[in-house]
Amino acid sequence: MFVALTFGDLLDLVRETCGLVDFRDVADEARRFLSLPNPEPLRSAASDSSRPVGGLSCASERARRLFAMSRPLHGSLAEAYLRHRGIVAAARHGSLRFHPSCYYRDLTTGATSAFPALIAAVTDTAGMITGVHRTWLDPCGSGKAPVDSPRRSLGGLLGNAVRFSFPTIGSVPIMAAGEGIETMLSLNAVMPAMPMVAALSANHLAAFRFPAGCRRLYIAADADAAGRHGIDRVSRRAQAAGLLPLVLSPELGDFNEDLRRLGPDRLMKRLREQLVPEDAMAFLAT
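Everything in the sequence shown is counted per my numbering, starting at 1 for the first residue and increasing by one.
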């Protein structure tokens with residue numbers, strides 16, 4: 001069910017699948033895996049001052065390297081996973097990639113392994129990769145990997161998001177935003193031309209940085225309390241910025257469930273009732 005690690009390939013696997021840049025970071029991660037003590041410091045405090053402070057720059061660079069080392073989605077286990085979730089055109093999105101053996105560490109026990117993973121790029125308004133989101137997958141099936149936390153993010157998320165059908169230049173007058181990748185991919189399946197973002201959590205949705213020229217913001221509802229709180233906060237921010245926030249509500253538990261259980265035609269009918277008429281005409285698939 002997972003890839004066993006041996007001493008001989010541990011450093012290479014940690015470096016490649018975790019996207020670590022500095023050898024010290026690779027060695028530190030391998031040392032944690034082997035339960036070895038930290039070495040005595042050989043550098044002065046002054047020499048270490050050139051390293052990024054706070055970890056954000058290092059984490060973002062690690063995220064960029066991991067995304068660069070990943071493969072296109074087409075024909076991969078990640079594409080098959082999304083197809084099983086009713087999302088059949090995910091391979092057209094450049095923000096999604098696949099890594100066949102992505103490093104995973106249990107945060108409670110420290111146990112280390114590697115699984116296939118869906119890798120999603122988190123980008124800023126200029127299209128720069130600031131982070132990644134990883135969904136570890138079961139190599140023997142169509143679901144997530146059998147680990148405690150099969151979804152994790154890395155890098156700079158605040159104000160940024162995973163983007164679908166999103167232009168990197170020019171204004172974005174109409175767009176949709178929500179928390180989950182599968183939620184937004186489900187909406188994208190029936191509104192392929194509408195720019196969309198997945199902010200990855202309610203708090204990050206509330207802090208999403210609106211693109212230039214945005215006039216209407218559709219917000220994909222999430223049923224839990226945190227999701228409702230995120231919608232309230234981003235709605236207030238949108239109104240303060242002169243945007244019109246409009247909430248899209250699923251018929252069942254979420255939009256992916258609507259897509260899988262009710263089908264795309266029923267989902268489009270549901271959305272047509274909630275979209276501004278001109279947006280329904282412009283964006284709903286025919």
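Among the clues, some could well be false.
To be verified - Okay, derived cross-link-like pairs now, EDC-like style, lysine to aspartate or glutamate, Cα gap no bigger than 16 Å in a straight line:
id, residue 1, residue 2
1, Lys-269, Asp-279
2, Lys-269, Glu-257
3, Lys-144, Glu-79
4, Lys-269, Glu-251
These are calculated hints, taken from the structure and not from any lab test.
Does the structure keep Lys-269 and Glu-251 at a Cα separation of 16 Å or less? holds, 11 Å
Check whether the Cα positions of Lys-144 and Glu-79 lie no farther apart than 16 Å. holds, 13 Å
For the pair supplied as a hint, Lys-269 and Asp-279, confirm whether the alpha-carbon distance does not exceed 16 Å. At roughly 13 Å apart (the allowed maximum being 16 Å), Asp-279 and Lys-269 satisfy the hint.
Run the distance test for Lys-269 versus Glu-257: straight-line Cα separation, threshold 16 Å. Holds, because 15 Å separates the two Cα atoms, which is no more than 16 Å.
Checked against the numbered hints given earlier, the structure satisfies every one of them.
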